[in-house]
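Construct the entire structure; sequences and hints are all you get.
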Amino acid sequence: MAEFSWVSRSPLQHALVAGAYGARDVEPGVSLTEVRNFELIQIMARRGRWADLASAAKTRFGVAAPDVPKAIQSPDAALIWSGPDQFLVLSKGGKHTFAPLSQAFSQSASLSDQSHARALIGVSGAKARTMLAKLSSIDLHPTVFPIGAAAATSIDHTSVNLWRGNDRPDGQAVFNLLVFATFAESLWHTILDAAAEYGVSIAYAEELA
Amino acid sequence: MVSLAQTHRLASGGLIDRSAPLNFSFDGKILAGFQGDTLASALIANGVKLVGRSFKYHRPRGILTAGSEEPNALVELRTGARREPNTKATTAELYDGLEAASQNRWPSLRHDLMAVNQLFAPIFVAGFYYKTFMWPAKFWEAIYEPAIRRAAGLGRAAGVADPDHYDKAWAHCDVLIAGSGPAGLAAALAAGRSGARVILCEEDFALGGRLLADGGTIDRVPAAEWIARTLAELATLPDVRIMSRTTLFGVYDGGTYGAIERVNDHLPSPPEHQVRQRLWRIVAKRSIVAAGAIERPVVFAGNDTPGVMMASAMRTYVERYAATPARRVALFTNNEDGWRTAETALRAGLQIAAVVDARPEVSAAHRALAAKAGFPVLNGSVVGVDGGKDGVRKIAVSLTGGARAEVEADGLAVSGGWNPAVGLTSYHRGRPKWQDDISAFVPDSAPPGMVAAGAANGAFGLGACLSQGFAAGAAAAQSAGCSGTAGTPPVADDEAFSLTPLWHVAGKGKAFVDHQHDVTASDIELAQREGFESVEHLKRYTTLGMATDQGKTSNVAGLAIMAAVSGRSIPETGTTIYRPPYVPVAIGAFAGHHRDENFHATRLTPSHHWAAEQGAIFVDTGLWKRAQWYPRAGEKDWLESVTREVKAVRSGVGFCDVSTLGKIDVHGPDAGAFLDRVYINTFSNLAVGKARYGLMLREDGMVYDDGTTSRLAEDHYFLTTTTAKAGPVMQHLEFCRQVLFPELDVQLTSVSDQWAQFSVAGPKTRDLLRKIVDPAEDLSNEGFPFMGAREVSLRGGIKARLFRISFSGEMAFEISVPARYGDALVRNLMLAGKRFGVTPYGTEALGVMRIEKGHVAGPELNGTTTAADLGLAKMMSTKKDFIGRAMAGREALAAADRQVVVGIKPTDKMRRLRSGAHVIPKGEIPGPDNDQGYVASVCFSPTLDQWIGLALVERGRERIGEIVHAHDPLRGEDYDVELCNSVFYDPDGGRQRG
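If you're matching them up, the sequences are chains Y and S in order.
Under our numbering, the first sequence has 147 at position 147, and the numbering climbs by one with no breaks.
Under our numbering, the second sequence has 783 at position 783, and the numbering climbs by one with no breaks.
Be aware that a few hints might be false.
[Stated by the list, open to error] One-sided excerpt, in silico: chain S residues whose CB lies under 8 Å from chain Y: (1) H172; (2) L267; (3) P268; (4) S269; (5) M830.
[Unchecked claim] Far from chain S, some chain Y residues (derived; all Cβ distances over 10 Å): (6) R9; (7) V17; (8) R46; (9) V68; (10) S112; (11) A126; (12) T190; (13) E206.
Hints in this document: simulated from the structure, not taken from any laboratory.
On a predicted model such as this, the values are computed, not experimentally measured, just so you know.
Note that CB positions come from ideal geometry on N, CA and C, so glycine has one too.
Okay, structure coming up:
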């Protein structure tokens with residue numbers, strides 16, 4: 001009997017070539033990092049049960065669930081606002097998986113696993129904001145879009161969740177993008193086109209940091 | 001390098017970089033200029049006066065202005081694929097190797113045979129197209145218009161794809177400023193010091209506006225020093241961004257502005273990875289229009305002769321570029337500002353032939369200047385210009401009192417006063433108001449958040465520009481919520497500005513109002529006589545102001561002449577409506593990144609790269625790339641490949657990626673009740689572990705979408721949509737949930753991208769699946785009956801969902817796994833199915849099998865069909881309400897003679913069918929009266945070995961067996977077809993249930 005291997009393949013596996021891209025005579029202005037293995041669970045409050053959901057979330061994650069466009073970082077998960085009475089839970093592969101969360105929120109919410117539905121891209125570097133201004137209508141100025149700010153928006157006609165994570169150790173801002181998996185390769189090329197003039201450094205990480 | 005004499009370049013001065021000489025060519029002739037030149041200033045420095053031919057009469061034309069308002073000096077810039085017609089020489093920055101060519105002339109600029117048009121000038125009057133080319137009407141498109149376009153025109157498009165790239169970007173600020181003249185810079189200072197985020201757009205490559213030519217003293221230092229000092233201070237402010245080479249061209253809703261940045265137009269081609277131009281959408285809380293004013297010509301005979309130039313432009317060429325448009329200059333002015341050109345000319349060592357001042361009084365100071373420099377001051381007006389393609393030779397002056405004088409000169413500077421640039425302030429249908437003291441329109445209202453300052457607001461003095469700009473900048477910052485202090489404003493004196501309005505000097509010969517569209521004063525008078533008195537009619541009848549310059553130098557003069565001939569005041573005559581863009585913007589900039597393969601985003605299925613490895617042919621379906629068929633070596637065409645795929649499925653097993661279907665999790669205690677309302681059939685009674693086909697209507701009773709929905713748990717349904725309607729159905733359901741049925745406890749999440757889903761079909765489907773599914777799972781007909789749906793374990797450890805549903809009519813399952821396992825699944829299906837001859841199939845084979853089975857799809861679910869039309873009337877529940885129920889009962893939607901889905905096959909078995917053919921009764925003459933429907937879907941059926949189709953035909957189901965006629969005028973085909981049952985294959989469904 002044949003044995004089957006089930007190798008997980010990121011929607012960016014084909015398109016992402018680690019290394020440098022675009023202008024080479026400058027220090028890369030944009031760093032792109034794909035994270036490949038993560039859990040992403042959509043949690044939507046049942047009708048009239050937001051307060052219960054928020055309280056269950058507090059118990060589960062130790063932080064308040066976002067009720068405005070924010071991404072709230074707990075020690076082991078990011079709770080990312082995705083719409084009224086709903087948010088996404090992003091965690092390391094195997095950390096907050098669908099089944100136990102479904103149990104925990106069974107009284108107050110409906111859950112859908114989105115771990116395979118999105119690709120996760122981190123954008124940073126001195127030209128990150130300049131490059132993202134070509135793609136997004138959101139004002140990413142530090143005073144307007146501080147750490148933890150989030151938006152459910154579109155980039156190049158493609159729906160994304162965009163939020164600002166913690167700064168890199170060198171102080172550079174980090175913008176995280178969750179893009180629908182089937183759009184990911186197309187958007188990736190758009191990002192590379194937008195970033196090429198600034199010089200790009202491309203990498204991927206198997207696990208969420 | 002060849003050193004080329006610049007015969008009209010001053011030995012010193014100007015803002016050009018004499019250490020950076022540049023070569024360029026005009027009509028093939030090599031010329032020289034300097035870094036800091038425009039093409040126009042370099043042409044002037046080389047003594048070139050003739051640069052183009054006019055639109056209609058092919059009259060020789062020179063350079064009229066020094067800015068983006070230029071109507072005359074349009075050239076084709078660059079060559080080959082980068083050739084860019086109608087480029088203003090006055091704004092094109094000179095670069096080494098620049099190639100420019102004059103346009104709209106044949107065979108050459110100096111000897112333009114089309115100038116014969118001037119002889120026919122009497123018939124080329126306003127409205128001549130409409131008067132002349134009336135009959136026969138059908139000649140217009142085929143003959144008249146192309147001929148007119150050849151004779152009258154502008155430059156030639158490159159005709160091939162633009163090799164350069166463009167992009168688009170967003171910017172955000174508190175205060176947006178248009179213009180970097182004294183008002184704009186003062187506004188930026190005040191706003192920036194107050195702590196505002198400031199963006200200042202300047203269309204020129206140099207900052208300073210009129211200060212670059214007119215100088216002056218600000219804060220007791222020369223203007224150039226003040227500019228440098230100001231820019232240095234602005235650079236220290238954290239959030240002030242100066243965007244040069246950027247024109248603010250439009251104002252849109254919600255404080256959004258359009259701007260075009262010419263990122264690399266000043267280079268032969270953009271550096272690698274860089275764009276040519278960038279389109280900006282700027283979101284600003286407040287904006288300040290400090291766009292200055294445009295000097296206006298006076299309309300007199302011969303005012304289009306090369307060498308006639310705006311007085312301010314002549315100052316710009318001399319002061320900023322050290323280039324002399326003429327050696328012996330005459331000046332014609334009706335205002336004080338014009339005299340500054342005389343001062344410039346004297347400083348540059350040019351001769352002044354005469355100053356013609358139309359005002360009754362000339363100041364003692366000016367008379368003293370004239371006496372000292374030895375030139376006459378003539379009280380009167382220029383009535384004619386003697387000259388031609390070599391430029392101005394002589395000027396005829398009508399003196400106050402009636403005498404005439406002639407003045408020999410090789411250049412004539414003209415100043416008719418200044419028009420504030422009111423475009424940006426008027427783009428929200430604002431109408432500017434008339435201001436008597438400057439005889440010009442000034443902004444009256446402006447779009448929300450916008451103010452005008454300085455010359456754009458009718459304040460022409462340097463001191464007033466600075467104080468208005470500074471005050472506007474401080475106020476804008478305050479109202480945008482910035483609390484810093486603006487500090488001390490820059491100060492300067494105001495120059496005197498006195499003007500006696502003069503628009504048109506009557507005389508013999510053509511007097512041009514709109515140089516670019518060749519509209520003369522007499523055209524306007526004619527329009528008035530013929531009743532086109534309203535400015536909007538005047539504009540369209542004469543084409544005044546409709547050229548690429550949008551009448552920046554001509555509109556006000558045109559309506560002033562109309563006012564005069566119609567006996568009204570200028571404000572009574574009014575202005576036409578102002579519309580963006582302020583300057584022409586390349587379509588490429590609006591397209592940005594979205595061209596060629598990036599025209600739109602693409603979606604790839606989880607098996608895409610595997611399919612590409614197999615050599616699949618892909619088809620664009622919406623945003624998706626889908627495998628259409630998988631050709632094999634030796635197959636001569638698509639039909640052979642598709643036929644093989646269908647036969648392989650019908651006789652063995654095949655699979656197809658159906659991940660493109662929309663997939664929606666419907667959660668919540670009321671999920672069933674919700675689905676009952678959106679589908680025509682009932683879902684609340686669906687057992688857990690079962691799937692059901694559902695049909696949705698629009699509110700108007702027409703079919704909206706279909707698909708299978710499975711119940712995976714009491715409070716969890718998994719709904720699928722068609723590929724095409726995945727997005728719209730999600731929106732529709734969200735609307736139903738949030739707006740129509742907020743009382744229901746139901747939650748929706750799109751999971752389209754979470755699941756890779758494959759249809760596995762054919763009699764050997766179970767054999768294949770048993771290889772891949774955990775042996776503990778029961779796939780027998782009893783253990784997993786038709787329309788069953790549940791989670792199963794696969795060998796190797798992951799979970800999948802199996803749905804026993806069939807689109808092909810075969811024994812089939814759909815199997816889905818989390819999308820990142822999709823690639824592994826397709827490879828494992830190939831592995832597991834190898835011994836069964838498993839065959840991947842594409843959308844063509846999918847389509848063939850659904851037509852054979854009589855399943856409706858996009859061509860039948862086309863927005864004009866009802867459930868009954870599709871043969872699905874029985875699905876409409878009578879026990880519940882649902883969206884579309886009431887409207888579906890309308891008389892016409894329930895009529896017995898509706899066109900309904902029926903099968904068709906050609907009476908000649910060898911005949912190919914084509915969709916789109918009309919169905920008419922046999923023996924009738926094709927026409928609207930006999931049109932009984934159309935062929936919707938066709939295919940070659942390998943199973944029946946002939947072409948078959950689905951058609952929508954009046955009373956079709958009652959006419960099975962009838963021979964009708966298919967009429968296909970598009971392809972010129974006529975043939976007979978037989979109406980038949982729409983289910984061609986396995987009508988009792990034994991195969992899919994087996």
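Would the least Cβ to Cβ distance between V17/Y and chain S come out above 10 Å?
-> With a cut-off of 10 Å, V17/Y remains clear of chain S, as the shortest Cβ separation is near 14 Å.
Hint check, P268/S versus chain Y [nearest Cβ-Cβ separation less than 8 Å] | Violated - the Cβ of P268/S stays beyond 8 Å from chain Y, reaching only about 18 Å at its closest.
Grab the minimum C-beta distance from M830/S to chain Y and call the hint holds if it beats 8 Å, violated otherwise.
-> Constraint on M830/S not satisfied, violated at 11 Å.
Whether V68/Y stays farther than 10 Å from all C-beta atoms of chain S, as the label says | 19 Å, holds
Against chain S, does T190/Y hold up as non-interface, every C-beta pair farther apart than 10 Å?
-> 6 Å, violated
With a cut-off of 8 Å on the beta carbons, see whether S269/S makes it to chain Y.
-> At about 14 Å, which exceeds the 8 Å cut-off, the nearest Cβ of chain Y leaves the hint on S269/S violated.
Proposed interface contact between H172/S and chain Y, which counts if any beta carbon pair is under 8 Å = Given a least distance of 4 Å, the restraint on H172/S holds.
In terms of Cβ atoms, is chain S entirely out of 10 Å range of S112/Y?
-> The claim breaks: S112/Y does not keep its Cβ more than 10 Å from every Cβ of chain S (closest is about 4 Å).
Report holds if the minimum CB distance from A126/Y to chain S is greater than 10 Å, and violated otherwise.
-> 16 Å, holds
E206/Y remote from chain S - nearest C-beta pair above 10 Å = 13 Å, holds
Hinted contact L267/S with chain Y - closest CB pair below 8 Å = 14 Å, violated
Claimed clearance of chain S by R9/Y, with the beta carbon kept past 10 Å | 4 Å, violated
Hint compliance for this structure: hints 2, 3, 4, 5, 6, 8, 10 and 12 are broken, all remaining hints hold.
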